[in-house]
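Protein chains in written order, with this note's numbering: chain A, 1 to 341; chain B, 342 to 682; chain C, 683 to 1023; chain D, 1024 to 1364.
To be clear, the hints were calculated from the coordinates, so they are not data collected in a lab.
For glycine and all other residues, C-beta sits at the position ideal for the given N, C-alpha and C.
Some clues are possibly wrong.
To be verified - Computed list of chain A residues with no C-beta within reach of chain C, every gap over 10 Å:
(1) T252
(2) C274
(3) T281
(4) E300
(5) V320
Claimed, not checked - To give an idea of the interface, some chain C residues facing chain D are shown, with a C-beta separation under 10 Å as derived from the structure:
(6) T744
(7) H782
(8) F939
Number of protein chains: 4
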Amino acid sequence: MLSFECDYNVGAHQRILQKLLQTNMAAQPGYGEDEYTASAKQKIKKACGREGLDVHFLAGGTQTNKIVIDSMLHPVQGVIAATTGHVAAHEAGAIEASGHKVLTVPGHDGKVRADEVEALIKGFYADASYTHMVFPGMVYVSHPTEYGTLYTKDELTAIANVCRAYSIPLFLDGARLGYGLASRGTDITLGDLCDLCDVFYIGGTKVGALCGEAVVFTKGNTPAHFFTFIKQNGALLAKGRLIGVQFDELFTDDLYFEISKNAIEMAAELRRICAEKGYKTYIDSPTTQQFFLLDNAKCEELAKHVRFSMWEKPDSEHTVIRLATSWATTKEDLAALAKVL
Amino acid sequence: MLSFECDYNVGAHQRILQKLLQTNMAAQPGYGEDEYTASAKQKIKKACGREGLDVHFLAGGTQTNKIVIDSMLHPVQGVIAATTGHVAAHEAGAIEASGHKVLTVPGHDGKVRADEVEALIKGFYADASYTHMVFPGMVYVSHPTEYGTLYTKDELTAIANVCRAYSIPLFLDGARLGYGLASRGTDITLGDLCDLCDVFYIGGTKVGALCGEAVVFTKGNTPAHFFTFIKQNGALLAKGRLIGVQFDELFTDDLYFEISKNAIEMAAELRRICAEKGYKTYIDSPTTQQFFLLDNAKCEELAKHVRFSMWEKPDSEHTVIRLATSWATTKEDLAALAKVL
Amino acid sequence: MLSFECDYNVGAHQRILQKLLQTNMAAQPGYGEDEYTASAKQKIKKACGREGLDVHFLAGGTQTNKIVIDSMLHPVQGVIAATTGHVAAHEAGAIEASGHKVLTVPGHDGKVRADEVEALIKGFYADASYTHMVFPGMVYVSHPTEYGTLYTKDELTAIANVCRAYSIPLFLDGARLGYGLASRGTDITLGDLCDLCDVFYIGGTKVGALCGEAVVFTKGNTPAHFFTFIKQNGALLAKGRLIGVQFDELFTDDLYFEISKNAIEMAAELRRICAEKGYKTYIDSPTTQQFFLLDNAKCEELAKHVRFSMWEKPDSEHTVIRLATSWATTKEDLAALAKVL
Amino acid sequence: MLSFECDYNVGAHQRILQKLLQTNMAAQPGYGEDEYTASAKQKIKKACGREGLDVHFLAGGTQTNKIVIDSMLHPVQGVIAATTGHVAAHEAGAIEASGHKVLTVPGHDGKVRADEVEALIKGFYADASYTHMVFPGMVYVSHPTEYGTLYTKDELTAIANVCRAYSIPLFLDGARLGYGLASRGTDITLGDLCDLCDVFYIGGTKVGALCGEAVVFTKGNTPAHFFTFIKQNGALLAKGRLIGVQFDELFTDDLYFEISKNAIEMAAELRRICAEKGYKTYIDSPTTQQFFLLDNAKCEELAKHVRFSMWEKPDSEHTVIRLATSWATTKEDLAALAKVL
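Hey, can you work out the whole structure from these sequences and the hints?
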């Protein structure tokens, strides 16, 4: 059975496992006070090329979204996100469980638009009874989005400007950030993210690591007591080195960028093969998640040979499926896929 | 200045104040263990005409919504409501602050439709990744709605049937229930609410009392430790008699229904006057909240003489305003209003 | 049956009810924007005699403790209180339900000692792993305490100095503050509380009102979005005038102080009578709550004639009971009590 | 520098890393639906030797305590624990952050006593106002405790009997369970834990794994929606295989028990060496955490050569330190330690 259902279906990049082996028996302090974590933070800051950054490591995406959002919002504030945003739709209410409403704007192939964000905020303050309502307290975007799409620098700048105008932070979910940076579908760089966002994270789980996300606070704005807040949320690993070692290796010799590039190239090849086979693209995604519209019979047939994600049912006759490449996808995988499409 | 902006702009019905005076110095246990509270519960049960009811008193609407919903939902469950529902829009995130997402369906002049509720639930269970999402755990309706509209018995039965089919409770917010029961705009009775809803409340604050809502659990389904849960939420009054006395009087000699009838008659008269003056009805409401579409100039002019609520801005030239009658509205009030319209 | 079990067993002072009657039909804005609330705030500020105060009204003690504490603490901070403090023992976990640990120090007849508070804080920061623990974020004291005892100005100053030294606020629960101010058992004045505390409240429920507590922020330190936070906690009354009117009257012509004085005088008389009858004082309380040690037989006998509170069981043969006077206690009540003691 | 400060100072057992390497590129479903996780669950059930068990994997101790406790308690319930229990003292208020009070009983070298637990519960129900207080809803014990001590089967049975008598669950924190099972200091087996506890966990992080704890619900009592609750708490790993693979290997050929035995033997040797060197034992611990009372000068001197944990300051002249062995401790480590003691 071929496996194209997601980008977390195998373990870690070989170099990461080797680094775990190599450092395994070195005695180090716990809770992220180890030297690998310190080194990883330095390398990430250097890759960002900006001053005044603060880096923290967490284990996964939902955990990161929940902790970052809750730590930065006042209890009466909510977070603005696309209706299709991960925090709005697929985190089992993690944000609400921490007390905050997700205030939704339309998702345009997964992206929010600066004008619609501004309209929501303006509408809020124009309402005579706004003190009885949830305050817009942050804007959340994902990049790549849940639909594989990317913001341009202009688009993200426009959103950042709205945030600045209303003094609320911009938070970018980079669970698949490597693939966004490696794609030709946008001109946004790591440095741009530091300039435009108040906080963002560099995803590890879906880009070569076993687990781990690197949160970057960009403006000297790390929330007070952030370490203890992580602990209180049950998210502090005793062996913090597990994530530190992985990011230390990912940011050695551009490994993170190299393996992201491979994923993007494989995605391009996947698109080419699918087009050749007459598959209809559903959303034009420049990254690793590719969406196709199939009639149900074809979908069922394909499912006998390939694992993929059922995405939505636009009507009773058709199904949208997602095929995903990753750092681990090989030409051989795609050749095998081509045979069964 | 005339005051038609809401139904909580004056104190309590005279008979309630007299009853407070008359019972004032009688020593009674605290925390709702007093005899007035016991009597009020009995009278409410009798008015409902059903067996197996359990009645609790709380101080206000948002408090009641928050406590009832949180006490009945599992942490991973959310409550389905209209986008215009009070819990979705105007409670400052009280529901989310207790950990639950509000899952919205369209509001049709404030009402939810059974088919759209069912579609949401079906869509949830049809999603392959529903265990990563917020479970639909309750349906919330308000009656009258925030737009003054009412469900018919058929409509509410259809919603109740969806709830039964998916084993989730139906909760009816009756902050203005008296006005709904007194209106000819629906055939729903108190007894019907006991049959169709799993829990509902009979609003006091907006129907003659200084404060107080009577929550009715209809199926022997009062949540475990409900008294202590109220205390934990900071909602237990030491002098529980304050609410007990008021409801005891409201349910003596049909006071609650009589004063609600007055409000409905005054609303009919208000509609008549406004029609005569050429005001354009915005929503056809059979209860005490009446909505009119004014051009902005007229709106500004009117604001010099009458307090009303700004409801929405359908376009830059017009404003929708709300004029509300209540148990306390008199013919003299309306005559005065007629002069300035 | 005589009723000495608590100070919330009857309604409100006659003048308060009269004021409610008199203002009843005046149309006023909701949510505390009415003129009575505004007037009450002014009178309270004047009684305090300090500049820069901010006053808010809430309905009851637990609600006030929960909202004040949660609004002022960071999520990783807890509140220091006596083991016998109301927030530690008798609020059904309201503080923990809002996410905060109650860090306990010994209660000395209900009072905390500055040195023990300081030792707790010092011990916290001396612990190598304090970032894994709950930060001491506030000191909570009640005055009078749950045992009727009072702080002297020196004692409270010492506690305030510890708070200042560690930059954490001092919060004084004044659910029975009137009785503390009227007692000769302390030299603390309302002005002192403004100087020493960061926030405190003036209890209404137990001092003549039907409900209501007046929270005073003393240092321009009202938490951001406090109004909306109250709403989110389900604690905002639509008819805010209910509490405004009551405090407006309580602070007219020193009513609050006069009725508190009566309660203290009645308590002195109660002590005299009990001593005469050979009752053994359990705690030396200078306010309205009086504690006596009875053997069980006597306790049972007394319970046939008087309602009182069972306080504790120091051993299997004895019971500590509480008899409470209030603003409403009369000489006739005490004469009747004397007959059955 | 020698490292004896804790049992999470190095990586994972070599066999675990090898298994991670070996399984690394096998495509598997995410979120714990992989075959390694399934296999690990089976092996753990087999090692327990009981029917009807349900096993779930989480990443770390505080996360596990928080999620298990919150998922099993009603909002008005708290958890009973020793004052020294991890949940009471060293989890940054994680339990309170999820809304629950920790109700403390004295710790006797870290252990709770059945009679004191029962006295707390009895005292609660004997209090006339218990509905205003936090209900005792669970008993938490750690085994080994935070002081390395162990319950005997009789002691744990007595606690379990109290729990049964009051219908509340018994939860055993086994963050270091392997060391408890390998020690001769108790007769408790894995099977006994299944019989006596309602839920317990088998610690991986401190017993050979990089991360991971295996939660065992023993009575068909897994909380409803537990998977989604884990997700909502941000504790669901996309690559669930990371923990599955580790426990699969730990429970292959008794690896978990073998490496625990080594840790216990090394601890015995550590005790022997320390006794020889004249170190005074502070607590008599039969497991891997050893506590010694040093005068401050000796403590400072030792700190130049060895990393250890500062535990407490019994007086101004002395310090209690903790030296810990683990699965990774070697004879060579101890020989080196012997030279600097």
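> Hint by hint, which ones does this structure get wrong, listed from lowest number up?
Replying inline: 8
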